[in-house]
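Asks: The listed protein sequences derive, respectively, from chains G and H. First residue of the first sequence? That's 1 in this note's numbering, and the numbers climb one at a time after it. First residue of the second sequence? That's 1001 in this note's numbering, and the numbers climb one at a time after it.
None of these hints come from the bench; they were simulated from the model. Hints should not be assumed to be uniformly reliable.
[Unchecked claim] Chain G regions said to be covered by chain H (calculated; three or more residues, Cβ under 8 Å): (1) 174 to 188; (2) 214 to 222; (3) 251 to 259.
[Said to hold, decoys possible] To give an idea of the chain G side of the interface with chain H (calculated C-beta under 10 Å), a few residues: (4) G138; (5) A193; (6) S238; (7) G271; (8) R272.
Glycine included, C-beta positions come from ideal geometry on N, C-alpha and C.
Residues per chain, in single letters:
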Amino acid sequence: MTSLLQVRDLTVQLKIGADLREVLTTVNLEIAAGEAMGLVGESGSGKSMTAKAIARLLPDGATVSGSITFDGVDVLALSGADLRAHRAQVAVVFQDPRAHINPVRRIDDFMGESLRILSDVSKEEASRRAADALEEVGIDNPAKRLRQYPHELSGGMLQRVMIATALLSEPRLLLADECTTALDVTTQAEVMAIMDELRRDRGLSMLFITHDLELAGAVCDRTCVMYAGQVVETRAASVLHGDPLHPYSAALVDARPDINSTADRLLAIPGRPLSAFEAPSGCRFAPRCGYSTDDCTSHEQEWLELAGGQVRCGRAAELRGTLRGGAHV
Amino acid sequence: MSDEPVLVVSGLRKVFGAQVAVDDVNFELLPGKSIAIVGESGSGKTTVARMIVGLERPTAGTITACGRDRSKPARNGAERKSRGREVQIVFQDPYSSLDPRMSGAALVDEVLRVHHGGDPEQRGRRVSELAGLVGLDERQMNALPRALSGGQRQRVAIARALATDPRVLILDESVAALDVSIQAQVLNVLADIRDQRGISYVLISHDLAVVRQLTEEALVMQRGVVVEQGPTADLLDHPKHPYTQLLRASVPGPGWKPQRMRERLLGAEVPAS
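All chains should be modelled from the sequences, with the hints used to inform the complete structure.
Replies: This is the structure in structure tokens:
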């Protein structure tokens, strides 16, 4: 498979006051045309920053090194009209639709805006396409919805409007940032089903950001696990749950309560998740890892090929199959 | 430990204007046991919690905690305080439920002073004891909430709720906003506290895996009505009501594929939200 998106050694620092704080460290990521890639991790692990870097939406003052290549084009060098064209190819759907829609404008205006800016279509044509897009995401009576304001729609409905809007510019990559997290579970299943259908119909690639390893496993081809600004494991989603390579992936799987049985005690991971800038040198997970040795804390871990995936843990091959989650803390 | 229920809710109903938010909720909670109220947004589960703790007044029905009725407003300050000692609540968002200008230790101390009095030394010992129970060290207890992580703040909120030595603790989505690894820690802390103190929990949650982990009994609410009620394990393994089946089938797991289940299982019964 040829890859549509290639992220190589991406390191990002943000300007916080007078300091530069690192949020991503040498992130490697590749998404093939038509592939769905899950991006899983806890708060501060750098999931959203990775998506923002790909869409070129990082805040002012951010320093970026490494490379991002989309369809052969160097994304980090784009500006002006080329950058606008890139953002049409790479659509983003965020977690909270209400925070990303103008509350005083009708759905029609909101959906048509990007279309009119990008391809200079008439207002009528934009409305017609918007109505079609709403129908595609399973919204009845689109003409009525287009005349409504955001506050008149429920969260699930509004998120479907956001997905329809993202697809209007006919993107080739969809960045979905926790886009179902705020929804009820039955609505989440519904929205996921719609996204899955649309994605397959159009051969769209997707980067699906979530904290829910099981959800990523269910809808993605491969899953990337991030910790403290680094990707620690990339595997086929179908095997990650049962055969994790990195101790952190294993610990994440085991920390989740199981809907099918009650554990005496959950295998919690001691300590708390770290951000890249506060992480120790050597393996960043080492202080919370039950398998860490002196070597882990004294050496940067390399990005290794193993079992059809990649992992950032020197002991992965030796530990494979024996990993248990955290400790009974 | 007696077998008298610590909390009895019967025929509980709440109407807001023309909207029936909660209709005919009944359950009993024994000491050291936990019950879950499961449902999606708008199901009325949080309204039930707010009525039990006294933040909403029921339209009809009774709530009895530790043998005393609490469905009418308290007549005086003393009664209000005694109600506070019986039932406490931990809210979902630890970022908005703590006073940003008070350290964890000061927050817990305030509750102790109001409810139990005692001299500063006694209260200090009690604060350390509670901090130990929820797994916070002295430095963390003396820090302002902004210096703490979400999980640490939620532990402060739990310590504060436990300071009155309540018989019933209401957990209103209290672990929902936490990271997976922290959520496991807090769930373990809650299980320990129940074992050590014989306290009872009412867990308000949409997360069925958390419900399975922490409770023995559960009731499922849909648009204000309890559609199914029973032992948690039975209810999750063999859901009987179509809505419980839909909830259960919507949880991702190995082999799960998202489907437009709402239409398939319920037809037009549930309006697409």
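Asks: Give a verdict on every hint.
Replies: Each hint tested on the structure:
Residues of the segment 174 to 188 of chain G with a Cβ under 8 Å from some Cβ of chain H number 5, which satisfies the need for three, so the listed coverage holds. Figure legend: the segment 214 to 222 of chain G, annotated as covered by chain H; annotation consistent (5 residues with Cβ-Cβ distances under 8 Å, at least 3 required). For a cut-off of 8 Å, the count of residues in the segment 251 to 259 of chain G with a CB near a CB of chain H stands at 7, and the three-residue condition holds. Proximity of G/G138 to chain H holds as hinted, the smallest CB-CB distance being about 7 Å (cut-off 10 Å).
The criterion of a C-beta within 10 Å of any C-beta in chain H is met by G/A193, whose closest approach is roughly 4 Å, and the hint holds. At its closest, the beta carbon of G/S238 sits 9 Å from a beta carbon of chain H; the interface hint therefore holds under the 10 Å criterion. For G/G271, the shortest C-beta to C-beta distance to chain H is roughly 8 Å, which falls under 10 Å, so the interface hint holds. With a cut of 10 Å, the hint placing G/R272 at the interface with chain H holds, because the nearest CB-to-CB distance is about 5 Å.
This entry satisfies every hint, going by the numbered hints stated previously.
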